[in-house]
Structures are given as C-alpha cells and as structure tokens.
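S.K.: Start from the sequences and build out the full structure, keeping to the hints where you can.
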Amino acid sequence: MNGEKDKLMRTLQILGFAIVETNLFLDTHPDCKKALAFLNELIKKRDEATAEYAAKYGPVTAAGSAYGGAFTWAEAPWPWEYGFESGETGVNA
Amino acid sequence: MWIYEKKLQYPVKIKTPNPTAAKVIMAQLGGPHGELGAATRYLSQRISAPDSRIKATLNDVGTEELAHLEMVSAIIHQLTRKMTPEEIKASGLDAYFVNHTAGIYPADANGTPFSAKTIASTGDVLADLFEDLAAEQKARISYDNILRLIDDPDVRDPIKFLREREIVHFQRFGEALEIAKSKLDCKNYYAYNPSYDK
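Taken in order, these protein sequences are the chains called Y and F. Mapping to the numbering used here: the first sequence position 86 is 89, numbers consecutive. Mapping to the numbering used here: the second sequence position 66 is 149, numbers consecutive.
Hints in this document: simulated from the structure, not taken from any laboratory. Among the hints, a few may not be true.
[Claimed, not checked] Listed next, the in silico DSS-like pairs over lysine-lysine satisfying Cα-Cα at most 27 angstroms (straight line):
#, chain 1, residue 1, chain 2, residue 2
1, F, K266, Y, K36
2, F, K138, Y, K36
3, F, K243, Y, K10
M.R.: The structure is reproduced here in structure tokens:
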C-alpha cells in the first residue's frame, strides 16, 4: 500500500485528462486564447508532476528521461493489473 | 507515431471478479460499437480529411480511443481473475474461455471476432463525419446498456467515464462537421469529394 504514490498517479491522471480535453476543444477552436492559456498551465503542472513521479516511483514513458544505474521501465506493475493502484486514496475509495 | 504512458486514462480497480459482467463488456472491446473499431475508424479516416482542424480532431480522438481500448481490456482482465470452472460455465464465458482462456481477444459479447466491416472510411468527409457521429451515439448506447446490467460500483465507475467521453466526442465531431460544411458549396454539398477531386 502506498498512499503517496497513488495520490501522485491520480494527479497525473487528472492533469492528463484535462490536457486531452482541452486539446480536443482547441482542435476545433484553435483561436481560443483562454483555452490555450489553460492548456499551457496544465502542461507545466503535468511536466512537474511527471518528473516528481518518475524520480520517486519509476518512468511514466519509456524514454521520457535518462535512467540512473538500472532500466526500471519494464518493472511491474503495469497499469491494467489489479494492484497497480492500491486505491486507498483514489476517487473509488 | 505514438508514445506510451504507463498509466490508464482513468483508474480501473475492480475488487470482485465477475465473468458474467466481463462477457457483456466484451461488446466494447471488439464489438461493432467498440473501442478497437473507434480507434481504427478515426485513425484511418484522418489521413484523407480535408481540413487541418478535422485532421487534428480525428487524430486526437482516435488516439484517445486507444486509451479506452486499454481501459476496457483492464476491466475485462480484472473481472476474469481467479475464475473457477463452475463460474466460467455459469457465466456463459465458457465458449470464449476454450479458445482464449483469460486472455484478451478483440471479439464482441457473442464471441464474434472484431471485423473492420463494422467501420467505414470513404475518403468523403461528410460520409466519414456522419459515420463518426453515429458511432459515438452507438457506443454511448452500448455503455448505457452495460450500466443497465451491472450493479458493481467498481465496474460502473470507469464505464460511466467511457460513456461520458462518447458525448464529448460527439460534440467535437459535430463541430468538425460544421467546419467541413463551411468549406463546401452550400448549394451542392454532394458534388465534390475532397480526397479525390481537386
């Protein structure tokens, strides 16, 4: 059980979702400055949260940042596995 | 190209396996309104789409559908953990089990393998976008029907998320259709195929 890891993963999911949603809106409204500013703000937060997660718990993408002494990408768990999220801090809890 | 992110778009954590629920949800893996068809449909259609905004919409919705395929796969995988032969027989998943065990194979709820015959890609932006609007509605109906059959909140939660995305995608494709119409001859929408006629 790792509450802090789950919380940070949830933050990545929330920011990632907001980015997908804003990106889709901008696809059909490319001149909307408000949405663009919101997207830029989200990307900054996502980059910070991704770096923090990767430093503490392992990479989010296979080649998103350089590895230390060990290739940790392949390590379990993978996201579809029961137990990827221990769930205690999640929206389902 | 694509870069994989080692996370689900929305969390899936199902405490209680339920092969009967898995069989029903197979509809959205490899069925006619499912996520594999959605991703294949939009990622194919985008290539000949005539306007950058329409290309972007098809590209980005198609990419999101791959994340939904992964979520539906995760739901089925977690629902089919620790099955006993008695549970498999009682659930009706036995015919699937004999070929695929608890593996993930893109078939519909009846076990019929995924078919590209369930999608269209015509090179005609109006035909494609009307197909896409209908596809999002059909997928929403399938998720509504799944919600009518399943009580477990652990399963309903990610299914409700997926249902909501169909509604947002319908809106974006509606906007893409308005963009397409604004660039065609409003007195004769049908005389021109932008992927072929110059």
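S.K.: Each hint should be assessed against the structure and marked as holding or not.
M.R.: Here is how each hint holds up against the structure:
1. Between K266/F and K36/Y, the direct Cα distance comes to roughly 24 angstroms. Compliance with the 27 angstroms bound is thereby established for this hinted pair.
2. Proximity of K138/F to K36/Y is assessed by CA-CA distance (about 21 angstroms); at most 27 angstroms being required, the pair is judged to hold.
3. Between K243/F and K10/Y, the direct Cα distance comes to roughly 21 angstroms. Compliance with the 27 angstroms bound is thereby established for this hinted pair.
Figure legend: structure checked against the earlier numbered hints; every hint is met.
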